[in-house]
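S.K.: Read off the chains here:
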Amino acid sequence: MNDERRDAEAPAGRASQAGQRDAAAATPAIELRDVVKAFGSRRALDGVDLRLPAGSFLTIFGPNGAGKTTLLRILATLSRPTHGEVRLFGVDALHDDPEPLRQRIGLISHRSMVYGDLTARENLMFIARLYGVPDARARVNELLELVELDHRANDQARTFSRGMTQRLSIARALVNDPDLMLLDEPYAGLDPHGMRLLDELLDRIRPGRTFVMVSHDLERGFASCTHALIIARGQVVLHGERARLDQGAFRETYLSVVGSLTSDVEV
Amino acid sequence: MGRRKRVQANVAGEAPARPRATAWQQYRALLAKDVRIELRTREMLVSMGVYAVLVLTVYGATLSQTGNSLDILNVASGLLWAMIVFTSLLGLNRSFANESADGCLEGVLLAPVSRPALFLAKATSNFLFMTAVEVVAVPLFFLFFLAGADVSSTAIWIVLPLLAGTIGMAGIGTFMATMTMDTRGKDVLLAILLIPVVFPLLYACVAATSTALLGVVGQEAVFWRSLALAVGYDVIVIAAAFGLYEFVVGS
Amino acid sequence: MTKTSSDAMGTRRRLPWETIAIVAVILGCALTTVDFLWAFLRAPMVAGARLEEPALIGGTVVTTKMLFSQKIFYFHVPVAIVSFAFVIVAAVYAVLFLARRSERYDVRCRLCMQVGLIFIIATMISGDLWTRHDWGVWWVWEPRLTTYFILTLLVIAYFILRAAIDDPERRARFSAVFAIIAAIDAPISFMITRLIPSSIHPVVLRSDSGLSPDMLIPFLCGIFGMALVGFGIYRLRLRIEEQAAEVEQLKREFEQTVA
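Chains as they are written, first to last, in the numbering used here: chain A, 32 to 298; chain B, 97 to 347; chain C, 49 to 307.
Think of the hints as simulated: they come from the structure by calculation, not from any bench.
Be careful, since some hints might not be right.
[Unchecked claim] Listed next, with one range per pair, are the computed distances between beta-carbon atoms:
hint : chain 1 : residue 1 : chain 2 : residue 2 : range
1    : C       : V71       : A       : G121      : 51 to 61 Å
2    : C       : I288      : B       : V284      : 24 to 34 Å
3    : A       : L125      : C       : T67       : 40 to 50 Å
4    : B       : R132      : A       : D277      : 50 to 60 Å
5    : B       : R138      : A       : R227      : 31 to 41 Å
6    : B       : A157      : A       : D222      : 53 to 63 Å
7    : C       : W189      : B       : T162      : 13 to 23 Å
8    : B       : G346      : C       : I70       : 36 to 46 Å
9    : A       : R168      : B       : D246      : 54 to 64 Å
10   : A       : N185      : B       : T118      : 23 to 33 Å
11   : C       : R218      : B       : V131      : 24 to 34 Å
[What the hints assert, rightly or not] With the Cβ distance kept under 10 Å, some of the chain C side facing chain A (calculated, not the full set):
hint : residue
12   : D154
13   : V155
14   : P216
15   : E217
16   : A220
17   : A293
18   : Q297
19   : R300
20   : Q304
Ideal Cβ placement from N, Cα and C applies to all residues, glycine included.
My request is simple: use the sequences and hints to build the entire structure.
M.R.: Below you can see the structure in the form of structure tokens.
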């Protein structure tokens, strides 16, 4: 509402602002051009091209060793490619200072990245201080409520169940209010209840963020995504908007590349 | 929280202005985290302390037959530093157990944390824990082995080489421990890498400590020179570690 | 058989390195032999060693006795210089690797360390023999021997570190870092053991600087000869590595076409 008022108050700049927004709306969240990650003759990624608009949800499928995790790590700026261009929100991740970008990225992996000896609150406060989040205490309380851990905030993380640890990891990833959320097989090791909770949480934090998820679960991964990508042997095999993809053909390609669907779900 | 504004900013591809933590704030947060975990679990302190006592026990057995023929004051400095080196190795290995479990270090690297601040924070916490153990172990050593010896009045000067040596061990030790964190046989590997590198420091510190124990008077030149060399080692090697740290944690 | 050019190994230039390497080894051996023969038959003894202060070695008190260094000087010192040179070159490749991240620098760093290790062991053995002759004991903790012992440990540690890491990129990165630290540490070690007096570690000053031409020529022959031998061995090892890498590449390509 404030934004609309501001627009009305600056009629001169309004047209140009709208125009700028339209033109800039094309700036993708992720832009990868011919990304190669190789060492010697081993190629983890072999010429990956990707363009992902802001606000999308991309699911990456692929067999083990295909390069999914490598790709995710490059997006997280934890790893640098050997060749190629990586642009996140228009910023060159390789040549410009990566620190402002890191401020906007969150990662959830199957490793919790949580200190077992610290309480939930201490874990989140620590991360908040690393990111320089203003008014950290309020933010941490907000997050603990969001993931429904506020009643266990002062318990050590080592006493948490797998599901609770997962929720704490999600809270941890949200501390810096990231624009880009990266998820590395987040459903791994969760029971159906945990999976449902995760789905709910993801839906709740969805607006305004771009997601990239690596998944082995074809049904879940496909259901929530707006874009899908299959990668094998470091190369992109299939990639596109879900709305434009033929689900049957996608499934066939997936099967031939990956081998089998997750056993307990029917697509 | 201005979600709509952020969506528009996203679409425009601009980064909304975000507050950042300074390297100093991050250093404090990292150091506080290490100290808090250690105070709560006391894992490193207890294991290092117990190990120091065990080393002294072994000394007790090994020196039991020497009787009066060995002037213990001459070897005291060496024995003391041997104990410090082995105890420090143990502590350094443990200091990264937390970070490697559950991928916590990666979680820290994900944040815009200044890599030098990360190195310094870890090195500082290791230094604090090593010093804490030395505060107990060194007097214990004196009690067990130097009670009847003719220790010089300048013995208190050993604080200086102890400080220089511990700083160096903590610095280069933290650096090496970061490398050996996820490797096979990490404990032995740390020792293999660290001991040759730390040898010059050890040499200088033992010389200074020995001079202090035997009496600095008349040997000032040796004491100060050894101390200066130890400090010089610290400066050079820690500067190198500082510069190379990003290659050890980066990818 | 035509060689397939492999990017990782950088075999783009077509200089006949293999021939050069073999020539280098032969020439090096020839020079070293000249060095030996000259040293043993013609050159006077190196005006030997002088102690800074009285020291207790091997049960006897030794003071400023003029110790006559053995002819082994003509072998030991060149070998020592070359070995240290290889470690420095390895550190240079390590720096290049960290700057450019190309695997070829990692390979070269490793090979320099390998050749360096060979020469360091030769230094240690010859140094030990020298010590036996000079002092009558098999080991003395004097600055040079100590520093070389530490250097040996550092180079061995380098290889143990490499063996402990599976991921090739990480392995290359960490060993490069360690190589740099090792190259910094060795001179520091020498300086510190030299500058701090100690009864067990006598600081032996050797007046090697003013060598007469009669002694200088075999000495230089020795250095160049050793350097050539080292270079030749390095180059041959590099060729073997390149061929192995080519085989790997072909195997991989074959597997992919079959799959």
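S.K.: Work down the list of hints and note, for each, if the structure agrees.
M.R.: Against the structure, the hints come out as follows:
1. V71(C) / G121(A): 51 to 61 Å: Holds: the Cβ-Cβ distance is about 57 Å, inside 51 to 61 Å.
2. I288(C) / V284(B): 24 to 34 Å: Check passed, 30 Å falls within 24 to 34 Å.
3. L125(A) / T67(C): 40 to 50 Å: At roughly 42 Å between Cβ atoms, T67(C) and L125(A) fall inside 40 to 50 Å, so the hint holds.
4. R132(B) / D277(A): 50 to 60 Å: This hint holds: roughly 54 Å between Cβ atoms.
5. R138(B) / R227(A): 31 to 41 Å: With a Cβ separation near 40 Å, R138(B) and R227(A) satisfy 31 to 41 Å, so the hint holds.
6. A157(B) / D222(A): 53 to 63 Å: 55 Å, holds
7. W189(C) / T162(B): 13 to 23 Å: 21 Å, holds
8. G346(B) / I70(C): 36 to 46 Å: 41 Å, holds
9. R168(A) / D246(B): 54 to 64 Å: 59 Å, holds
10. N185(A) / T118(B): 23 to 33 Å: 28 Å, holds
11. R218(C) / V131(B): 24 to 34 Å: Once the Cβ atoms are compared, 29 Å apart, the range 24 to 34 Å for V131(B) and R218(C) holds.
12. D154: Cβ of D154(C) sits 8 Å from chain A, so the hint holds.
13. V155: Cβ of V155(C) sits 9 Å from chain A, so the hint holds.
14. P216: 5 Å, holds
15. E217: With a minimum Cβ separation of about 4 Å from chain A (threshold 10 Å), the hint on E217(C) holds.
16. A220: 7 Å, holds
17. A293: Constraint on A293(C) satisfied, holds at 7 Å.
18. Q297: 5 Å, holds
19. R300: Nearest chain A Cβ about 7 Å off; hint holds.
20. Q304: At about 9 Å, which falls below the 10 Å cut-off, the nearest Cβ of chain A leaves the hint on Q304(C) intact, so it holds.
The structure shown violates none of the earlier numbered hints.
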